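K.L.:
The chain contents come next:
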Amino acid sequence: MTDEPLLRVSALSKFYGSRVGCENVSFDLWPGEVLAVVGESGSGKTTLLNCLSTRLLPSSGTASYRMRDGQWRELYRMSEAERRFLMRTDWGFVHQNPADGLRMTVSAGANVGERLMAVGDRHYGRIRATAVDWLSRVEIDEDRIDDEPRAFSGGMRQRLQIARNLVTGPRLVFMDEPTGGLDVSVQARLLDLLRGLVTDLGLAAIVVTHDLAVARLLSQRMMVMKDGRVVESGLTDRVLDDPRAPYTQLLVSSILQV
Amino acid sequence: MPTPLVVSDVAKSFTMHLRDGVTLPVVAGVSFSIRAGECAVLGGPSGAGKSSILKMLYGNYAVDEGQIIVQHEGGLIDLGSASPRTVLAVRRSTIGYVSQFLRTVPRVSALDVVAGPLVERGENREGAREKARSLLAQLNLPEKLWALPPATFSGGEQQRVNIARGFITEHPILQLDEPTASLDAKNRDVVVDLIAAKKAAGVALLGIFHDQDVREAVADRVIDVTAFAAGRIAA
Ligand SMILES: Nc1ncnc2c1ncn2[C@@H]1O[C@H](COP(=O)(O)OP(=O)(O)OP(=O)(O)O)[C@@H](O)[C@H]1O
Ligand SMILES: Nc1ncnc2c1ncn2[C@@H]1O[C@H](COP(=O)(O)OP(=O)(O)OP(=O)(O)O)[C@@H](O)[C@H]1O
Ligand SMILES: [Mg+2]
Ligand SMILES: [Mg+2]
Chain C
1 MTDEPLLRVS ALSKFYGSRV GCENVSFDLW PGEVLAVVGE SGSGKTTLLN CLSTRLLPSS
61 GTASYRMRDG QWRELYRMSE AERRFLMRTD WGFVHQNPAD GLRMTVSAGA NVGERLMAVG
121 DRHYGRIRAT AVDWLSRVEI DEDRIDDEPR AFSGGMRQRL QIARNLVTGP RLVFMDEPTG
181 GLDVSVQARL LDLLRGLVTD LGLAAIVVTH DLAVARLLSQ RMMVMKDGRV VESGLTDRVL
241 DDPRAPYTQL LVSSILQV
Chain Z
259 MPTPLVVSDV AKSFTMHLRD GVTLPVVAGV SFSIRAGECA VLGGPSGAGK SSILKMLYGN
319 YAVDEGQIIV QHEGGLIDLG SASPRTVLAV RRSTIGYVSQ FLRTVPRVSA LDVVAGPLVE
379 RGENREGARE KARSLLAQLN LPEKLWALPP ATFSGGEQQR VNIARGFITE HPILQLDEPT
439 ASLDAKNRDV VVDLIAAKKA AGVALLGIFH DQDVREAVAD RVIDVTAFAA GRIAA
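Chains as they are written, first to last, in this note's numbering: chain C, 1 to 258; chain Z, 259 to 493.
Because the hints were derived from the structure by calculation, they are not lab data. All values derive from a computational prediction rather than experimental measurement. Mixed in with the good hints there might be a few duds.
Stated by the list, open to error - Facing chain Z, from chain C, some residues (calculated, C-beta under 10 angstroms):
#	residue
1	Glu148
2	Ala151
3	Leu191
4	Asp192
5	Thr199
6	Leu217
7	Gln220
8	Met222
9	Ser233
10	Arg238
11	Asp242
12	Thr248
13	Gln249
Stated by the list, open to error - Cβ-Cβ distance ranges computed for the label pairs, FRET-style:
#	chain 1	residue 1	chain 2	residue 2	range
14	Z	Ser271	C	Ser10	42 to 52 angstroms
15	C	Met67	Z	Glu331	27 to 37 angstroms
16	Z	Arg277	C	Gly70	33 to 43 angstroms
17	Z	Thr484	C	Arg77	51 to 61 angstroms
18	C	Ser41	Z	Asp278	18 to 28 angstroms
19	Z	Gly333	C	Val184	38 to 48 angstroms
To be verified - These stretches of chain Z come out as covered by chain C in the derived footprint (C-beta under 8 angstroms, 3 or more residues):
#	segment
20	265-276
21	315-328
22	342-356
23	359-365
Just so you know, even glycine gets a beta-carbon here, dropped at the ideal spot from N, CA and C.
Next comes chain Z alone, as it looks inside the complex (with noise of 0.2 angstroms):
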């Protein structure tokens, strides 16, 4: 099985300036690598760090030490070094990524949000949109809902609209920070019907699930992060 994710020797700690610049130490040693088909789900307490992780593999966060290595265009790339530039083609071919909440952008559909990955990916805008509306009405999302931008969606509502931007590509690397934590059990099982469908398509996931039911549905194994936890070293 190839492994498109290895993680070895992360560390992070963030530095408050505003506070006399005192550090806190959030993870240390953060070693795990994702095989490609199969769905890891990082475990552990509130502030244990599982954010943090997912950041860092997402470019979002700097990362103080240790790599990152993500098979990307058939090259190795450390993303805790890359430049922005490349952190963001990892972004566009390699690495899709579900927030908490969807940022909305004013005035542009639902329907848009969700094509708008594909078009950037250089798809037709007709062609990213058929398969917008189909991912909307597997999860349930009205369809007069599709033409209006989510700023004024329920939370529900607009956190559907965020899954499907963040399933409707073929990244070969997923990552998913609670993606059910605002929906109703009938969409919740929708979702778990997606990460197994990404699964069977060969997708390495990692995700945060805090939905005991759907993590034991689609979690291959648990990566404790409380095993990373960095401790005080002092500053």
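Excised from the complex, chain C in its bound form (with noise of 0.2 angstroms):
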């Protein structure tokens, strides 16, 4: 276990305009640890998870991360050459939307072997390989490998979307609603499979979602987000078992059980 965080989030706070996106958010987060961000439609988490993962800039506040050489930057002060660097060695990011992650005209095994080779990674055998274990690690059969993900079923693509993202072995994972638009049983799947990757490979993750069964299940650490702010944060058993917020306690009470 390391004693320094791999992130540190200041008063990050992004407006379109005179709209709130998210507002004055600060938190760390450890190596191994999985956050949770939940709130309503509309309260800011993909606004946050987007200026995170530098798909977005904030309009004020900072970000550092901690290198793999034990360096901090500052995310928002990189050049965009380094923040593609970045997001293509050192993280992940899971996508709602398969389509948004997987390239689906080509195969399944190069949407996989393609982030491979964009670490560096030359040699076909190994690639093949390697993308043969991981597409097993998400029960995808190798059968199954030459096939675009056009053909595969929504829960698959989630899959191989996940498998393309961890491959090169991030340290750090974004994901928006990993579980959304699957059937609920897919769903329970798919959460399975996360959650012992997780765990195995020690990821760090910041993990969106709406579903708080989702939380519990995930993450240690949980924030709840509304109209841009987070309204309370803590241990993700601590916020569900005894919520504070009025938000959180209307939040907790409008699902049955989690």
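Need the complex rebuilt from these two chains, each delivered in its own frame; the hints are there to steer you.
P.N.:
Next comes the structure, spelled out in structure tokens:
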């Protein structure tokens, strides 16, 4: 265990003109920690995630990231090329819609292999073997390796997207509603898989979800957002079992059991 | 005797924002300590706040006032004000907890549910499974169930998985919230034996037991929770 966080976020705000995206968000994330961000539609979860993953630049505030060499870097001061490199090597981003995170017209194997090539692997046999291994880890049969994701079900596509993101051994993964568009039974299976992978790989992750059961199962810490602000945060089971903010109480009471 | 857990002047109330912000005081002035090798039992009628106290002592409920001092990895920590990360570390290595019901995790076998806390602490998986097998056998859980996820088990079977999971580690503090409630007499006796073994190993235990026989068999002392009744202090 390291005694330094991986990511430090301080007073992050993003405004769209006069509209608040997210406002004054601060937290630290440690290696191996999964943070769930929950809240109703429009509360700023995606805005925050996109700012953190530098897909969007905030209006104010800072976020620093500890690189593999131990150096702290301020994300919004990096060059575009440096940020792209980080996203390719050290980070993963799992979109709600797999079509946003996959290349739909190349094979499943290539979707996974491409990421390895992006980090410099050029050995075809090894790339293919790693791709096969990762497909099996996300429970996709080896004989589907040459199929395009277009031919896959929603759940399979999402599992493929996860494999594509994890194959390079990232340290931090961003997920926006990873189980969002799926049937309940498919969701459960995906959630199990994610839980297993996150624990086995010791990943740090920030998971946006409106589903408190997902937060309970995947995360150790939780942040509740409303109107762009964090209204409550803490240990996931504490927030869910002893919610203190009025909005969190409403959120928890409006579901049957988590 | 070392005292790994000291509770002083702890208070807890719930403010119900969905009901016009009415405040329900539960306990106040909660003060006691638990020594290594003893089993203290929280006593008092339903609704007195026994489970709430236990949950605060595990970081599951927030604390309004007071301190919960835990000996953790050579230092002292106030659980009431500790960061989430510290609470998790305390749970990993210092305080174990057996809840009243198992929270099932889909697709994980009973054996791995039980072995989980050891694996989390860095023990190798096979060694952890070996200990899990021996505990499940001791608790008379049929061997044919070990490889199955507990979601479909009976209440008593799930509870035995839960107990095995709680007892498998060597945490210096162990909390038990009615671990025997859904068990038959034979398995209640096994739990009594397991508790005795923990005491002998110097573990500090704090529990809630509605079952009179079990309580008499394990309790060194009863902490009367009604002494900490918060009364109807205006919000
Ligand atoms: N590109 C944009 N331009 C203007 N306003 C935006 C833009 N993107 C988001 N917003 C606004 O910012 C606020 C936060 O939106 P965001 O997408 O972060 O919410 P969310 O919590 O992810 O919601 P959902 O659960 O529906 O995905 C909303 O009021 C939204 O309308
Ligand atoms: N999360 C919560 N939110 C609101 N009120 C709560 C919560 N947890 C407990 N309470 C209330 O606190 C009081 C004490 O409950 P607690 O569960 O601690 O009692 P107990 O002594 O364990 O009772 P029992 O013997 O029935 O299990 C009760 O009035 C209960 O309704
Ligand atoms: Mg969103
Ligand atoms: Mg109780």
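K.L.:
Decide, hint by hint, whether the structure agrees.
P.N.:
Hints, verified against the model:
no.: 1; hint: Glu148; in the structure: 29 angstroms, violated
no.: 2; hint: Ala151; in the structure: 26 angstroms, violated
no.: 3; hint: Leu191; in the structure: 8 angstroms, holds
no.: 4; hint: Asp192; in the structure: 5 angstroms, holds
no.: 5; hint: Thr199; in the structure: 8 angstroms, holds
no.: 6; hint: Leu217; in the structure: 7 angstroms, holds
no.: 7; hint: Gln220; in the structure: 6 angstroms, holds
no.: 8; hint: Met222; in the structure: 9 angstroms, holds
no.: 9; hint: Ser233; in the structure: 8 angstroms, holds
no.: 10; hint: Arg238; in the structure: 6 angstroms, holds
no.: 11; hint: Asp242; in the structure: 4 angstroms, holds
no.: 12; hint: Thr248; in the structure: 9 angstroms, holds
no.: 13; hint: Gln249; in the structure: 5 angstroms, holds
no.: 14; hint: Z/Ser271 / C/Ser10: 42 to 52 angstroms; in the structure: 33 angstroms, violated
no.: 15; hint: C/Met67 / Z/Glu331: 27 to 37 angstroms; in the structure: 29 angstroms, holds
no.: 16; hint: Z/Arg277 / C/Gly70: 33 to 43 angstroms; in the structure: 51 angstroms, violated
no.: 17; hint: Z/Thr484 / C/Arg77: 51 to 61 angstroms; in the structure: 60 angstroms, holds
no.: 18; hint: C/Ser41 / Z/Asp278: 18 to 28 angstroms; in the structure: 27 angstroms, holds
no.: 19; hint: Z/Gly333 / C/Val184: 38 to 48 angstroms; in the structure: 45 angstroms, holds
no.: 20; hint: 265-276; in the structure: holds (count 5)
no.: 21; hint: 315-328; in the structure: holds (count 4)
no.: 22; hint: 342-356; in the structure: holds (count 4)
no.: 23; hint: 359-365; in the structure: holds (count 3)
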